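Trainee: Residue numbers (the working numbering), protein chains in the order written: chain A, 21 to 214; chain B, 21 to 214; chain C, 21 to 214; chain D, 21 to 214.
The reader is advised that the hints may include incorrect statements.
[What the hints assert, rightly or not] Chain C stretches covered by chain D per the calculated footprint, using a threshold of three residues with CB under 8 angstroms from any CB of chain D:
{"#": "1", "segment": "54-65"}
{"#": "2", "segment": "109-116"}
{"#": "3", "segment": "125-132"}
I should point out that these hints are in silico values taken from the structure, not numbers from a laboratory.
Bear in mind the structure is a predicted one, so any value in this text is a computation, not a measurement.
Quick reminder that beta carbons are idealized off the backbone N, C-alpha and C, glycines included.
Number of protein chains: 4
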Amino acid sequence: MGTGRLETFADGVFAIAITLLVIEIPHPEVDEHLGRELVDQWPAYLAYVLSFVTIGIIWVNHHALMRHFDRTDRAFLFVNVFFLMCVAFIPFPTALIAEDLGNEIAMFTYGATLFATAVLFNVFWNYGRLRLLRADADMREVRGITRSYIPGVVAYGIAAGASLAYAEVGFVLYSLLAAFYVLSGSLWAGRETG
Amino acid sequence: MGTGRLETFADGVFAIAITLLVIEIPHPEVDEHLGRELVDQWPAYLAYVLSFVTIGIIWVNHHALMRHFDRTDRAFLFVNVFFLMCVAFIPFPTALIAEDLGNEIAMFTYGATLFATAVLFNVFWNYGRLRLLRADADMREVRGITRSYIPGVVAYGIAAGASLAYAEVGFVLYSLLAAFYVLSGSLWAGRETG
Amino acid sequence: MGTGRLETFADGVFAIAITLLVIEIPHPEVDEHLGRELVDQWPAYLAYVLSFVTIGIIWVNHHALMRHFDRTDRAFLFVNVFFLMCVAFIPFPTALIAEDLGNEIAMFTYGATLFATAVLFNVFWNYGRLRLLRADADMREVRGITRSYIPGVVAYGIAAGASLAYAEVGFVLYSLLAAFYVLSGSLWAGRETG
Amino acid sequence: MGTGRLETFADGVFAIAITLLVIEIPHPEVDEHLGRELVDQWPAYLAYVLSFVTIGIIWVNHHALMRHFDRTDRAFLFVNVFFLMCVAFIPFPTALIAEDLGNEIAMFTYGATLFATAVLFNVFWNYGRLRLLRADADMREVRGITRSYIPGVVAYGIAAGASLAYAEVGFVLYSLLAAFYVLSGSLWAGRETG
């Protein structure tokens, strides 16, 4: 089996999960106090931006990783389904932190979801790496990817744990992780195409 | 007509139906009782996982099956529409069982939807098999698929019936069926690529 | 410009509009009266089936029609956007008739939406036919399509008008039109591939 | 990396954002006053049409622009994510203006979203133009696009500012801008294919 429909389906789930985030932002009443009410729900916008960028990063990584495979098998399709089950769940804890960035349980639930997503992403990559690698795959790049995905699991685990003590610390850590992935990914892109 | 747009459209419906499942999970209030309220709605997470995996299985099977066809006709497109009508309906009974895994009528409605989906899936396969098979299709594999899809109809029929007596038994049966399809599909994949 | 992205985008809008229909079905409370409440909201299921099949028909026709074009231009892309604006609106009147199949205004709104869709579909086809036809298009088939799309506009206009007098008559007419298109399309497919 | 998945993903987000607009239209109660209530919420339909056409225009432009690139890099994927973050946000201010076309804050929020989208669209184009242009790109056309996208930023900035003084003026300006883009795009298409 080719990888085409796996990518179409995954892109569909990514696109829908990322676009559903907007319907979790509460609609204040449209009256003379609208300005203040819009400003007062700033945590909802931060949560929207964080989750949008985070899902965007996962999509970019999924995209980058699929280039190393030229076929799929059924077990891989199912690993992909379990991975997407985590991604599609992200709007739920996003809605929780959107209401209150200071709630430890909400922030932990958010981090636990990203942690599970990172674990499944590693399973996805390693299954594919061991069984579906294209014949002409660059083994140095493959080893580099394998190494670079482990710290993400650890980092999201630490950030989720920290959320239980101080919710705001968790939020800052998730944001720093997202910023790190965007910047390092972009710099790496610069080297790649330079 | 080629099969491209049928697959794009079907993948879209699968991706949306599977991603909409998350918006059926109730949002508890974000306050000091959040932890307990999140734990208390565990049936909603079980329902999410069961429906996500079940729709994922249907997608994998649809994917596997389309490989044997290299064209479509209008009647096939309409059979596909009726089949997708069942798939797209799954979020509705999922929301019902998410509220109470012990309600017989909710569990039966869930099973009846999966039963209807299995019936339509057989119609879809058999129509395609009789009219649209590619010239080089492996007839042994084709006969194997035809045989392997019948028991699904029977099994979902029995599970739906059992739900009317004991809702929890129905839930266990649906879960075992999903687990069976994931494991047998994955093992089969092992043989296929080994 | 090729037709690829127009079709991807249109298939996305079709797939989302058709899958959103399920979230318009009200969720009764899950208690001992669930069975009766599920039965009592039968108009919602009829509305779901009618709109699902109707959008499915429009998708099949869009699919069939795009085969005659091998390029697009900007005006065609915008005509497609206005056409999709009608298709994407269908869930709104569907929710209205789902509540009461006997309300004349609801049924007329439903019919007016399908009428507008049929008008835009004709504009879409005729613009494409006059400017973007592929060099090897079968002109007899093209003329056949042109003729066969006009009666749809008239039929939906009449059905919408009849809804203002008797809502149920409107519903029956929309259903007969859908059944006619599914059956005639499928029979035509039989000839096409026979 | 090819541009295929970027386009699939972007088309998915465009298709979902545009189709979600319909669920922001309030559902009046279906009773004997339905006709009046449907008429009374005319601002919701205007907001639906304006946002649908506006997102449609952005999709057409994204489509036109991608023709000049034949590869992507990671930074470009992330710029695309930030651009789509603005597009996917559009349903939120649409729901605000749908309730009251005369509220200055609502209309300004709408315009600020379109302004941000226009800014990101320019970043997207200029990043791609400087780094990812295909070898055979028509430089006169490229310069024409670069020039033609700047005024959009200015125009949406002015329209958003005007909304703060008179909400209705903002609405008229957004509508004129949409009409201008549809008409000029279509005329340009006429020249292109004529």
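Trainee: Any hints from earlier that this structure breaks? Give me their numbers in increasing order, please.
Mentor: 1
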